[in-house]
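Number of protein chains: 2
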Amino acid sequence: MSIIHEPALFDAAAGRLKGEGVSRSTRTIRELPGVFAAEEERASLDPTLPVYEVEMHDRCGEVEGGLYFGVSHVHPGKVGNEFFMTKGHFHQKRDRGEYYWGIEGNGLLLLMDEARHSWAERVFPGSLHYIAGHVAHRLINTGDVKMIVGACWPSDAGHDYEAILNEGFSVRVVEQDGSPVLLEARS
Amino acid sequence: MSIIHEPALFDAAAGRLKGEGVSRSTRTIRELPGVFAAEEERASLDPTLPVYEVEMHDRCGEVEGGLYFGVSHVHPGKVGNEFFMTKGHFHQKRDRGEYYWGIEGNGLLLLMDEARHSWAERVFPGSLHYIAGHVAHRLINTGDVKMIVGACWPSDAGHDYEAILNEGFSVRVVEQDGSPVLLEARS
Chain B
1 MSIIHEPALF DAAAGRLKGE GVSRSTRTIR ELPGVFAAEE ERASLDPTLP VYEVEMHDRC
61 GEVEGGLYFG VSHVHPGKVG NEFFMTKGHF HQKRDRGEYY WGIEGNGLLL LMDEARHSWA
121 ERVFPGSLHY IAGHVAHRLI NTGDVKMIVG ACWPSDAGHD YEAILNEGFS VRVVEQDGSP
181 VLLEARS
Chain P
1 MSIIHEPALF DAAAGRLKGE GVSRSTRTIR ELPGVFAAEE ERASLDPTLP VYEVEMHDRC
61 GEVEGGLYFG VSHVHPGKVG NEFFMTKGHF HQKRDRGEYY WGIEGNGLLL LMDEARHSWA
121 ERVFPGSLHY IAGHVAHRLI NTGDVKMIVG ACWPSDAGHD YEAILNEGFS VRVVEQDGSP
181 VLLEARS
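From first to last, the protein sequence lines stand for chains B and P. The letter at position 56 of the first sequence is residue 56 when you use full-length UniProt numbering, and the numbering goes up by one with no holes. The letter at position 87 of the second sequence is residue 87 when you use full-length UniProt numbering, and the numbering goes up by one with no holes.
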């Protein structure tokens, strides 16, 4: 019986995916207007500068009960004194959760509930993070090297970036005296 | 602001979980009646012999939209000429999918749809497997060392072991002349 199929590949050390169903997207400085407090500074940076990349494996499409598997690569860097980070999002289906796990580098997972209460978890190689439904999430690279984070989430979760673009998180993470500090965001 | 919480831990190389919400269970030879073709041989083995262990991280309970994260450790061994393996299951909510990824060791992921059509994927460090809904799945260690596999699945998926215990998979994986071979199971 010849019924053995080749699997996709997940390089768990480098955080790379390969195989059928894998796609890759990059977010450059150009694509992140309104995300950082220092918007003028952002607009003055090289627009092609990559801030983060996402690889994902999709074998089911957006169906109830399906899952996606992905890896985020957040580059080190700052806009003003604010660390490079992802746009951040709630799930469109608000009750959908997500798993993140730290693969490389150091940073924070910023979390915010619908009442705009924010908190964070340290992300490092070997950290594991359950993000409950109804909680917005953003990755922030507070280190000097790339921050790589694995992820698995329901394929029907969807992304609601709007809510975050309009109102932001209630906390920003900036560098002060060489260390990452959490500050209440001005609204 | 002191709002940084400690995450759980996932040792991605050793396949170990640690922290709040982590539990561990072991399946011994005693707990696997009817799973292997050579039932008499199974009953004659040391009943306390561990066949596989599962660690899981549960921070949400069995809710729609929630996820669990786990690691399976399948020991090397055989019952008769059939390799050590997990019980295997459909999800109780049949449309729920699951991700597996190979961490250590070598084996097969045996898959079977509801029409009892079976196939397999090779599992090795770096393999990534999407298990669609309505597909039963079983891990089989065909190697000489422990086979370790990461997993993420919807927390409301549930396990239906009954269907497999009653009817089995339509394929068994046995050793013939030192190599793993897939055989049609006698029903």
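Just to be clear, a hint being listed does not mean it is correct.
A pair holds if it fits inside one copy or across any two, identical chains being indistinguishable in the list.
Claimed, not checked - Below, computed lysine to aspartate or glutamate pairings styled on DMTMM-like, alpha-carbon distance capped at 20 angstroms:
{"#": "1", "residue 1": "K18", "residue 2": "D144"}
{"#": "2", "residue 1": "K93", "residue 2": "E62"}
{"#": "3", "residue 1": "K146", "residue 2": "D46"}
{"#": "4", "residue 1": "K18", "residue 2": "D156"}
{"#": "5", "residue 1": "K87", "residue 2": "E6"}
{"#": "6", "residue 1": "K93", "residue 2": "E39"}
{"#": "7", "residue 1": "K93", "residue 2": "E64"}
{"#": "8", "residue 1": "K78", "residue 2": "E53"}
{"#": "9", "residue 1": "K93", "residue 2": "D160"}
Simulated from the structure, these hints should not be mistaken for lab results. Note that the coordinates shown come from a computational prediction; the quantities given were computed from them, not determined experimentally.
For each hint, the structure was consulted:
1. When the C-alpha separation of K18 and D144 is checked against a cutoff of 20 angstroms, the pair qualifies neither within a copy, at 26 angstroms, nor between copies, at 27 angstroms.
2. In this assembly of identical chains, K93 and E62 lie within 20 angstroms of each other by CA distance both inside one copy and across copies; the values are 12 angstroms within and 17 angstroms between.
3. Proximity of K146 to D46 under the C-alpha cut-off of 20 angstroms is restricted to the intra-copy arrangement: shortest distance 19 angstroms within a copy versus 49 angstroms between copies.
4. Within a single copy, K18 and D156 get their C-alpha atoms no closer than 22 angstroms, and across copies no closer than 29 angstroms, so neither meets the 20 angstroms cut-off.
5. Taking the shortest alpha-carbon separations for K87 and E6, neither the intra-copy value of 35 angstroms nor the inter-copy value of 23 angstroms comes in at or below 20 angstroms.
6. Neither within a single protomer nor between protomers do K93 and E39 lie at most 20 angstroms apart by alpha-carbon distance, with minima of 30 angstroms and 47 angstroms respectively.
7. In this homomeric assembly, K93 and E64 come within 20 angstroms of each other (Cα to Cα) both inside a single copy, at 11 angstroms, and across copies, at 11 angstroms.
8. For the identical chains of this complex, K78 and E53 are intra-copy neighbours only, at 16 angstroms inside a copy versus 44 angstroms across copies, given an alpha-carbon limit of 20 angstroms.
9. Taking identical chains as interchangeable, the C-alpha atoms of K93 and D160 lie at most 20 angstroms apart only when both belong to the same chain, with a minimum of 9 angstroms there against 27 angstroms between chains.
The structure is inconsistent with the numbered hints 1, 4, 5 and 6, although it conforms to all the rest.
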